[in-house]
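Line order of the protein sequences matches chains A, B, C and D. Just so we're aligned: 35 in this note's numbering is position 35 of the first sequence, and the numbers increase by one with no gaps anywhere. Just so we're aligned: 103 in this note's numbering is position 103 of the second sequence, and the numbers increase by one with no gaps anywhere. Just so we're aligned: 69 in this note's numbering is position 69 of the third sequence, and the numbers increase by one with no gaps anywhere. Just so we're aligned: 174 in this note's numbering is position 174 of the fourth sequence, and the numbers increase by one with no gaps anywhere.
Hints listed in this document are in silico derivations from the structure and should not be mistaken for laboratory results. Don't take each hint at face value.
Stretches of chain B that chain C covers, calculated by requiring three or more beta carbons in the stretch to come under 8 angstroms of a beta carbon on chain C [to be verified]: (1) 3-14; (2) 21-29; (3) 40-46; (4) 79-90; (5) 94-102.
Glycine included, C-beta positions come from ideal geometry on N, C-alpha and C.
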Amino acid sequence: MTSSQRRWVFLAGMIGLVAFLLWGLLGLPGFGHYPGPYGSIINRIALRQTNATGTVSAINFDYRGFDTVGEEFILFVAAAGVSIVLRRLRGEREKSAIDEAADRNAPPTSDAVRMAALVFTGPLVVMGWWLTSHAQTNPSGGFQGGVILATAFILVYLAGEFLVFKRFSPVALTDAVEAIGAGGFVAIGLAAVGIGLAYLTNYLPKGEVAGAVSSGGTIPLISFFVGLEVAAAFILIVAELLEQTLLIRQGSA
Amino acid sequence: MQYFPFVVVAWILAVGLYGIVTSRHLVHLIMCLIVVQSSTYVLLLGVGYVTGAVAPYYFDITVHTPAVDPVVQALALTDVVVEAAVTSLLLAFAIQAHKRFGTLDPQELASLKG
Amino acid sequence: MTVAVSTPYTVPIEFMEALQVTVLVLVAAGATAVVLIRRPVHQVIALSVYGILLAVLFLVFQAPDVTLSELTVGAVVLPIVLLLTLAKTRKREE
Amino acid sequence: MDHLLALVVAVPLIAAAAITAAGPLLGDRRRILDALAIAVAASVAVMLAVIMVRTAGGDEVYWFAGFRPARGIAIGIDFDAGSLSTGLACLAAVLVTAAMTFSWRYFERVATYYHTLMLTFLAGMAGFCLTGDIFDMFVWFELMGVSAYALTAYRPEERGPIQGALNFAITNSVGAYLTVCGIGLIYGRTGALNMAQIGTYIGHHRPGGLVTVAFLLIISGFLIKSAIVPFHFWLADAHAVAPTPVCVLFSGVMVELGLYAIARVYWSMFGQALGHRAAISHVFLTLGVLTAVVGALFCFRERHIKRLLAFSTISHAGMFLAGIALFTPLGLAGAAVYVAGHGLVKAALFLCTGIVLHRLGSVNETWLHGRGRQLRATGIVFTLAAFGLADLPPFATFLGKGYIDESAWAHGLPWVMGVFIACSVLVGGAVFRVAGGVFYGLGDPPTEDARMAEMAAEETSETESDKGRTPLTMIIPPAVLVTCAAGIALIPQLGPVVQAAAIRFQDQAGYNATVLGGAHILHPVAIATAESAEVTLSDVLTGVGSVIGALVLAFLALYWRRLPLLRRGYEPGAGLTAPIQRFQSGVINDYVTWIVLGLAAIGGALALVIR
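If we strip away everything but chain A, and leave its shape as in the complex, we get (with noise of 0.2 angstroms):
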């Protein structure tokens, strides 16, 4: 198809997808007003049965720990996934910083930037370890810790130089931290069927006090491993792409 001639198909198309669409969604209550059940009932009975005061939490790693399981596989397969396709192929040589092509040089950090990134790394690396271990309670969890804690070892590169990034997550280690992570929450799970209840069940004792950060079982201990596993995923994709874009050159192509 010429580009024309698929516009005019795409618009045909879409005119009656949308309208499709809009009868749909013209169907459900109004903006506001949730039906329920499933959400309400979560609301009445999560902080009774789990003490974890984050409600979204404990449906990520309780009520729907299942969902969560995939999710993380998800992202291991993608980390796997993004290694695979950008592995280091015959006629690809490794270069130093130092290229021919001038124009994609890294330009030298400067001063600032190392200072900024030293300032803040500590910082991120507490908020992010906060968030992974505070998913029981406030709008945290292990994926959005992992996330930071992956940030922060990305400014460790932004500060100083790839080389020393590299040191910091050699891919193998990094590998087996994800796979741990991943792995750990497959285990908890496997934990309780190997006590006799249901898998994935939340058998340990959920604490006294709501909203603790002893609170909620194996809420925690999931999101831990979470985070390991998310912050590993995410080192591993952004060394993948940095290695391919500073140190790797097209061969004789």
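Fit chains B, C and D to the known structure of chain A by using the hints.
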């Protein structure tokens, strides 16, 4: 206001698909795919909203306070992770495509492939 | 002014609605901008602005959890990976 | 409570994580991990087989984290194992085992990622089959999808895989996001994610247009995955370029999973609410027949063996959809048996093609003509599998297709049978042509098509090891699979048992009561009367007849230049080249355009018949 958020959902979806269909650059196309997916977040959170209710966190309110639906928020979170994962993988494909074909135009990619 | 319920976060409903409509309009405009901007580097910037707009929308939809992940993904991770990809594929393009 | 249902997903996942973590530690002793991966896949297959046999008398429901439903409201995620869903998951596990065994010497330079991805793929497929929660279904759909995209691009040093993977990933992602939109819609109305609960709610309230729209949006992801015309374009691109053992899974079971999901979604949620069974049946029957015909025509025209097999998969997917769309127990049972038989023989055909690629370094039928004579064992297995694909009795494919035909005939749709025979003859003829030409050197090499030759030339050897012989690990899996395909059809009482499972699968009220009320349904209510599943002499004659037709067609295709009656300048199927290039353009923009147009058309049709 009754249905405005849902009309916005349809708009975002349509615009994103339009972008994919007319795109001549893979990275642009992938960003349009992100837009398509973002319509699902708006839809999910839109259907779970309760007028006048608060966020579902119970550290300083009682259990009987009306709160919005926490389930759709959990679903949207899952969705965001899927987005990040799929986008990273697609971008890796795009990098490799650029190495093999020297272009990121999907139409040129198809004709170069034979 | 009607007040929904007495919580520490009491906000008048009319104000909330106006806020939501405004942000929704901005989000719709943001999505359109991301699609229509054809220069990838500019588009990445538009996309991260769009990510922040979505995060704000989720905040006014009372979803702080999703806000936080949309911020970390939409405004941090995605721009980084997109810009790295563009940096890698920039050459031989023109 | 029995935990096997959870283990079939948890075990491959934890094994995948363990293999990734342990890979670098073991260094040269990686083979241990390969063996572990194969053992895990095999044990999952055994577990699923056990569940399948056990659930013949009634579904089993497993509630994760022990959240059982109270007063008809589910707060957790459940797995619902019936014989049909478990059987399909079991087929997936068997094919994964076969593909990984085949890869033992095939991918010697492979890092551990290959096995990791195969195991996550398996976990995704198993979870997708068993889940009773619509959002959970999306999660496993995505896990399956992401694993599949990464596996498609496993050889990124070539051009084809990258382009195929891109088209595959983008079209399927668009579909998946539309599915989430549908889930959002139905959740916004019912406030439920459990399929049984949603089905109960919308069955009682019948809330108009929303249900129709949600139905189409939810299945749009599955329609794309199952390569129904006009959503099929990605499939040939991805199949042609994915590593051959991976193609086994794509063709043998992934496409069929999409169709399974359509059936599952329809009979657990939408069947009662939508009503208008006859009209909906016609919409999907039309789609199925269209897909079968388009796939068969493209298949016969193709010279790239992997693409040829991919188009045959499209054709078969159309027939499966038609079988499901008959909305009869025997039609669904036929589709189930057909899927099992087709999955096994198609896997064997792909594995044999993998051996050809390993030994001879090409998949171009024209170039390979006569060159495969030395591969005697491979030729025999390929030919046997070709007979299986052409539905020769006693292969399970014959049985499955026979059931669909019979059911269509009994319900006043004799033309469906005619179309099916024509498609079988075309697809079978194409595969026999390959078998005769490549392995026995019969007739003349088919004419070279420049575009196809170029595409086939892209496909270079996937292996680096000794090409002088065929390792036993490569030839045994396809041989076993072909034997299984013939063997399962010989199981006594197969037809009635599968039909009983189909009745259970289609009994929406029974499903809802089982999931939400913990009921044990002994006598599910059939949506249409059960039909005789006996094989009569005329069935066998029809089956043999269509195989003979396929053989004659293959013979004509191989010898047409020497036949006096045919004009010399005439090129069979030449008229198809232009449309192939026009539609199968490889341009992702086109594919998404067709998706939008196709969905609008199906949506319009549904809106007209349901209103």
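Hints numbered earlier in the text: which of these fail when held up against the supplied structure? none
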